[in-house]
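Listed below, chain by chain, are the residues.
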Amino acid sequence: MQWEVVIGLETHAQLATESKIFSGAATAFGAAPNVQACGVDIALPGVLPVLNRKAVDCAIRFGLAVGGDIAPRSVFARKNYFYPDLPKGYQISQYEAPVVSGGSLSIRIGQGSDAQEKTVRLTRAHLEEDAGKSLHEDFQGKSGIDLNRAGTPLLEIVSEPDMRSSAEAVAYARALHALVRWIGICDGNMQEGSFRCDANVSVRPKGASEFGTRREIKNLNSFRFLQQAIDYEVQWQIGVLEDGGKIQQATVLFNPDTGETRAMRSKEDAHDYRYFPDPDLLPLVIAPAWKDQVQAAMPELPDAMRERFGRDYGLSAYDAATLTATLDLARYFESCVAAAGRELAKPCANWVMVDLAARLNRAELDIAQSPISAVQLAGLVRRVGDGTISNAIGKKVFDALCNGEGADADAIIEAQGLRQVNDAGAIEALVDAAIAGNPKSVEEFRAGKEKAFQALVGQVMKASKGKANPQQVNELLRKKLQG
Amino acid sequence: MSLNLEQVFRTARLARLAVSNAEAERTAAQLNDIFALIEQMQAVNTRGVEPMSHAVDLAQRLRDDQVTETDHRADFQAIAPETEAGLYLVPKVIE
Numbered sequence: 001m002q003w004e005v006v007i008g009l010e011t012h013a014q015l016a017t018e019s020k021i022f023s024g025a026a027t028a029f030g031a032a033p034n035v036q037a038c039g040v041d042i043a044l045p046g047v048l049p050v051l052n053r054k055a056v057d058c059a060i061r062f063g064l065a066v067g068g069d070i071a072p073r074s075v076f077a078r079k080n081y082f083y084p085d086l087p088k089g090y091q092i093s094q095y096e097a098p099v100v101s102g103g104s105l106s107i108r109i110g111q112g113s114d115a116q117e118k119t120v121r122l123t124r125a126h127l128e129e130d131a132g133k134s135l136h137e138d139f140q141g142k143s144g145i146d147l148n149r150a151g152t153p154l155l156e157i158v159s160e161p162d163m164r165s166s167a168e169a170v171a172y173a174r175a176l177h178a179l180v181r182w183i184g185i186c187d188g189n190m191q192e193g194s195f196r197c198d199a200n201v202s203v204r205p206k207g208a209s210e211f212g213t214r215r216e217i218k219n220l221n222s223f224r225f226l227q228q229a230i231d232y233e234v235q236w237q238i239g240v241l242e243d244g245g246k247i248q249q250a251t252v253l254f255n256p257d258t259g260e261t262r263a264m265r266s267k268e269d270a271h272d273y274r275y276f277p278d279p280d281l282l283p284l285v286i287a288p289a290w291k292d293q294v295q296a297a298m299p300e301l302p303d304a305m306r307e308r309f310g311r312d313y314g315l316s317a318y319d320a321a322t323l324t325a326t327l328d329l330a331r332y333f334e335s336c337v338a339a340a341g342r343e344l345a346k347p348c349a350n351w352v353m354v355d356l357a358a359r360l361n362r363a364e365l366d367i368a369q370s371p372i373s374a375v376q377l378a379g380l381v382r383r384v385g386d387g388t389i390s391n392a393i394g395k396k397v398f399d400a401l402c403n404g405e406g407a408d409a410d411a412i413i414e415a416q417g418l419r420q421v422n423d424a425g426a427i428e429a430l431v432d433a434a435i436a437g438n439p440k441s442v443e444e445f446r447a448g449k450e451k452a453f454q455a456l457v458g459q460v461m462k463a464s465k466g467k468a469n470p471q472q473v474n475e476l477l478r479k480k481l482q483g
Numbered sequence: 001m002s003l004n005l006e007q008v009f010r011t012a013r014l015a016r017l018a019v020s021n022a023e024a025e026r027t028a029a030q031l032n033d034i035f036a037l038i039e040q041m042q043a044v045n046t047r048g049v050e051p052m053s054h055a056v057d058l059a060q061r062l063r064d065d066q067v068t069e070t071d072h073r074a075d076f077q078a079i080a081p082e083t084e085a086g087l088y089l090v091p092k093v094i095e
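Residue numbers (my numbering), protein chains in the order written: chain A, 1 to 483; chain B, 1 to 95.
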């Protein structure tokens, strides 16, 4: 039987605020246990939550970026369950009236020119608080509780079950991850738990209109685990169904060591959260003026920028997508093009995507920490463009600029005498010398060995310390050998 | 609508309340009286009336995103039954 996979994702994005969603305690990562947990976070009697304006701002920003509806009035609710890292006995979340409804995200599946576009619809996005952390080791049969994370603002973003493979789910998660960082509402640090996904997975016979029973894989904090967990889960479900079994709705955990998913001990009461409006919080009212203000401050979004890069700079879809992976990278590229000239946009793109990307990668640096500024790189691209230096010498100048050996490309070219030799007389002398000094290569070339030609070119370039114009060398050498 | 004894026990379990049979029976009777009251209220025609999510008709006040709290861990943990290395210790909870 042919099976169809159906996947929906629930993503928790930690919002980039200084303080918690309902208290003035800090949200900084990595503090000593419980030093960032105040009376509100640890649920001392008599405390009251007060909502953080910035958290709401982030939610509005997200809603507008995905084309969703911002609720003029939304309500906070209590989600009741007992767990030691949830001191109040309930999590403050939103249930019936979330701050964002609807919207969509366009995703690309696959690489390069084979990539396919697809639109994933969003159900909703709502504000809620995170729980604390339980540590299960080393406490003589007890669990240790750290409440620093309790009350950290989260935006839970729920997709429709629109994805049909693990590759689509990963493409969606990546696009969402890029977007929340692009609009500056989440740092996207997955190791620190700032962006984590739950995947609802089911399978059904191809062509069926009803969904199969789903199982929810919890807390996937890397794209690789997301893919592995879904792939394993899909095979497991198909196996059960093909053996005549039935899928029980369940919450499952992914074990990265074994690559398997396993049902959590099923708790019959686990999903009876008894939501009700939190009497400690009044409805959240978002006036149109607030929305307008957030919209006015919104950066150009990745889809729009990608399209513009293709239209204005003549870049391929692949180049445009690569350069708009993050807002910082896109801004760097645009500064580079602005300084180099629009006609050099394609070489600018190549330098950024190839040489600079490799250098940053090696040094484990972010584009914001680039050792070469966009204007410096533009100066280099112009000198290669106008023939002052060859592309090969350009790479030397690039390294020199990265190492801080000069203020700009021109200074390095002058100081190190790297200017390309375009003088026909000088090149002819070098070519003649190479022919005279390498009779064996000359003979081999005349016997039909093309490789010998390259060796001769190499000799000329070497004698010129790489500065001879390679195109002129090629032409003149061939003319002389064949003449 | 009325609650049976089984539903009372289930609700008590969700709230982590231990109730004896006698308490459950008494509670069921009390809750069912409340349901009767609710039924009476539900008979009122509320067509066109917006449901309220709060008893006060005001909007949520917001605070600026500023860290205003300092570390009071020592004070808080002074009244905790058990702590170690800055953590609150609780009976082991693990799935």
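Each hint should be verified, as a subset may be incorrect.
With a Cα cut of at most 27 angstroms, we get these calculated DSSO-like pairs of lysine-lysine [as the list claims (entries may be wrong)]: (1) Lys92/B x Lys79/A; (2) Lys92/B x Lys218/A; (3) Lys395/A x Lys291/A; (4) Lys88/A x Lys92/B; (5) Lys133/A x Lys92/B; (6) Lys395/A x Lys346/A; (7) Lys246/A x Lys218/A; (8) Lys467/A x Lys346/A; (9) Lys92/B x Lys142/A.
Covered stretches of chain A, going by a simulated chain B footprint (3 or more residues, C-beta under 8 angstroms) [claimed, not checked]: (10) 29 to 36; (11) 81 to 87; (12) 127 to 137; (13) 168 to 178; (14) 215 to 222; (15) 411 to 418.
Just so you know, the hints here were simulated from the structure itself, not pulled from any lab data. Where a beta carbon is used, it is the ideal one built from N, C-alpha and C, also for glycine.
Now the hints, each set against the structure:
1. For the suggested pair Lys92/B and Lys79/A, the alpha carbons sit about 23 angstroms apart, so the restraint of at most 27 angstroms is met.
2. Our distance criterion of 27 angstroms between C-alpha atoms is met by Lys92/B and Lys218/A, whose separation comes to about 21 angstroms.
3. Annotation: proposed proximity of Lys395/A to Lys291/A is violated, straight-line Cα distance about 47 angstroms (limit 27 angstroms).
4. A C-alpha spacing of about 19 angstroms is found between Lys88/A and Lys92/B, which places the hinted pair at or below 27 angstroms, so the restraint holds.
5. A hinted pair counts as satisfied when its Cα atoms are at most 27 angstroms apart, and Lys133/A with Lys92/B qualifies at roughly 13 angstroms.
6. In summary, the hint linking Lys395/A to Lys346/A is supported, as the alpha carbons are separated by about 16 angstroms, within the 27 angstroms threshold.
7. Our distance criterion of 27 angstroms between C-alpha atoms is met by Lys246/A and Lys218/A, whose separation comes to about 21 angstroms.
8. Taken as a hint, the Lys467/A and Lys346/A pair is honoured in the structure, with Cα atoms around 24 angstroms apart against an allowance of 27 angstroms.
9. With a C-alpha separation of about 4 angstroms, the suggested pairing of Lys92/B with Lys142/A holds against the 27 angstroms cut-off.
10. With a threshold of 8 angstroms between beta carbons, the proposed coverage of the stretch 29 to 36 of chain A by chain B holds, since 5 of its residues qualify and at least three are required.
11. By the rule of at least three residues with a Cβ nearer than 8 angstroms to a Cβ of chain B, the coverage given for the stretch 81 to 87 of chain A holds, with 3 such residues.
12. With 3 residues having a Cβ less than 8 angstroms from any Cβ of chain B, the stretch 127 to 137 of chain A passes the three-residue criterion, so the hint holds.
13. For a cut-off of 8 angstroms, the count of residues in the stretch 168 to 178 of chain A with a CB near a CB of chain B stands at 0, and the three-residue condition is violated.
14. Requiring three or more residues with a Cβ within less than 8 angstroms of a Cβ of chain B, the coverage given for the stretch 215 to 222 of chain A is violated, as only 0 such residues are present.
15. For a cut-off of 8 angstroms, the count of residues in the stretch 411 to 418 of chain A with a CB near a CB of chain B stands at 0, and the three-residue condition is violated.
Violated hints, listed in ascending order, are 3, 13, 14, 15; each of the other numbered hints is respected by the structure.
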